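Trainee: The primary structure of each chain is shown beneath.
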Amino acid sequence: MHEVGIISGVLDAVDKSVAANHADKVYAVNLSVGEETEVIKDCMDFAWEALTPGTVCEGAELHVNMIKPKSVCLACGNEFEHDRFHNDCPKCGSYETQLIAGHELTIDSIDVDIPDDESAEDSAEEPQENSDANAAPHTPDASAAEAYTDAMNSYADSLKSEYRQAPTEEEKRSGDHEMQNEKESQK
Amino acid sequence: METVDIKQPVLQLNDKLAKENRENFAKHGVYVLNILASPGSGKTSTIMATIDALRDTYNIAVIEGDIASNVDSERIAKLGIPAVQVNTGGACHLESDMIKRAVDQLDLDNLDLILLENVGNLICPVDFDLGENAKVMILSVPEGDDKPLKYPGVFQASKAVILNKIDTLPMFDFDQKAFEDHVHALNHEVPVFPISATNGQGVDAWADWLSKHIEDAHAQQGE
Chain A
1 MHEVGIISGV LDAVDKSVAA NHADKVYAVN LSVGEETEVI KDCMDFAWEA
51 LTPGTVCEGA ELHVNMIKPK SVCLACGNEF EHDRFHNDCP KCGSYETQLI
101 AGHELTIDSI DVDIPDDESA EDSAEEPQEN SDANAAPHTP DASAAEAYTD
151 AMNSYADSLK SEYRQAPTEE EKRSGDHEMQ NEKESQK
Chain B
1 METVDIKQPV LQLNDKLAKE NRENFAKHGV YVLNILASPG SGKTSTIMAT
51 IDALRDTYNI AVIEGDIASN VDSERIAKLG IPAVQVNTGG ACHLESDMIK
101 RAVDQLDLDN LDLILLENVG NLICPVDFDL GENAKVMILS VPEGDDKPLK
151 YPGVFQASKA VILNKIDTLP MFDFDQKAFE DHVHALNHEV PVFPISATNG
201 QGVDAWADWL SKHIEDAHAQ QGE
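Protein chains in written order, with the numbering used here: chain A, 1 to 187; chain B, 1 to 223.
Calculated directly from the structure, the hints in this document are not laboratory data.
Hints may be right or wrong, so weigh each one.
When the alpha-carbon atoms are kept at most 16 Å apart in a straight line, the in silico EDC-like pairs for lysine to aspartate or glutamate are as follows [what the hints assert, rightly or not]:
no. : chain 1 : residue 1 : chain 2 : residue 2
1   : B       : K7        : A       : D12
2   : A       : K70       : A       : D83
3   : A       : K16       : B       : D5
4   : B       : K147      : B       : D173
5   : A       : K68       : A       : D83
6   : A       : K70       : A       : E96
7   : B       : K159      : B       : D107
8   : B       : K7        : A       : D111
9   : B       : K150      : B       : E180
10  : B       : K7        : A       : E58
11  : B       : K159      : B       : E180
12  : B       : K177      : B       : D216
13  : A       : K25       : B       : D216
14  : B       : K7        : A       : D108
15  : A       : K25       : A       : E58
16  : B       : K150      : A       : D83
17  : A       : K16       : A       : E79
18  : B       : K100      : B       : E23
19  : B       : K150      : A       : E35
20  : A       : K68       : A       : E79
21  : B       : K212      : B       : D146
The structure displayed is predicted, hence computed values, not measured ones.
For reference, chain B alone in the conformation it holds in the complex:
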């Protein structure tokens, strides 16, 4: 018996295509956000609120990842925003080749921002680079303030954390201070944006953060 060294990343193919996606996005000056959250946390509503806040300034497209159905992409398309539905056919996360194919259906020359809605799952999508500029995660108040303790990976990987459904705070036993402390213990400087996607509360601060990053992507393209 002999031992043959391989020494290669298991996700080499995914990482290679992610790198190609990233280069493609940078070439076109498009900022890409990979949005991670549980089912029912308000991903699509948050995307719609974000579109509402930024559509006058930027050209936006959405890629919707779901195990099945095109319910979400239809909601986005109704807003007059280009939306591509990716059905993973049972897989629990998006992979970079799916994004590559979805992006082929978009006109990158005329886009500033792509919002990638990953499959509702706090675990599996964390390990898969899609070529995005940043991962952000959404947690909603009814899910509980202890989630950073249970799913540390997603909180560590995120460049921003959105706390959605803050209009329901009076109904739930959710300690916002404890939540933010848990988040910052895992990811020291990550900004936390408390919002209500449905009534618009707090969305401006989140949109400002995003605008700044879109501008940075534009500036880097110019260099």
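The following block holds chain A by itself, in its conformation from the complex:
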């Protein structure tokens, strides 16, 4: 259950961002989680329910965007999606492959209310202020992390239609749900 530690980290980051943006209500927290991490969505939801009461995130929704593993073949350059167990190149059969997506564990964004009584000039400065507030304490990693998350997010965007559409009851039963149960039993 290291998901509890992960959610604690998320809450710390959200706290900072809420303060930096003078936000007063959090509606949702949006995460990207690669399927090759050892993170289970159900456990994240459980930790969220357990840890958010009494915090700024009380009552907010946790949106977890699961990212499918994707690798590039170092022999032939082919990029391909795969499951956790097979990362050999389906085109040339090489095992010399490098994971380019599927190991994310990122806080993408938060959906918040920023009260109107903040003056217009304040809100004009907000984007800048926000990026400063985030960059300052994490200087060594900030640019690499940003480039990484940018690349990952654009990949996530390309999959949006697949992941953001609510699955039908049938899909839930036959697909994700089954996988979650299987992962759950490993824990």
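Mind docking chain B on chain A? Use the hints.
Mentor: For chain B alone, kept in the frame of chain A given last:
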């Protein structure tokens, strides 16, 4: 309602401290191994066998991660090897700040190798960088040859796989070839070292691999 971008790794704090640990280890030319395995797979026995094989050549220390108790660090300390016990207080894995505090109790100037024994768990420790040079995992014969299929993450993250308790192979239905095939399907070039930590079988090959990596860490410090 507005959306505010955050775009930061969830484990940013852990990763930042891990990076500091790694820089600290590199500065002192210390090679650090993060050892992952199930409870009862023989982590402490393997560490003791490794110490036995390398203690004449290198200065070694051990950091023992457990949910509670100092049983393991006492076993190591009896060998005359510096051992720091880290109790996670229920947490299922070590984090980089715990290692940072444990390392403060060690004299890095006079060390070549730190063996970090993570909490017995094949899942949670995989996601946490501690600043180590390499993760290695130990699987023991009684656990079964199908474990790579069930816990792919740890096999993919490891730079070496130790198959312990091979002296018990005749007692168990363990297909060593199938095991190695499963491992290599997940992690193509990872070396697999079959050993028996208790009778010493195979430990030399494992110790040779480790020696080579310790020497590399020394060479990089000199550069």
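Trainee: Against the structure, test the hints numbered earlier, and report the numbers of the ones violated in rising order.
Mentor: Violated: hints 7, 10, 12, 13, 17, 21.
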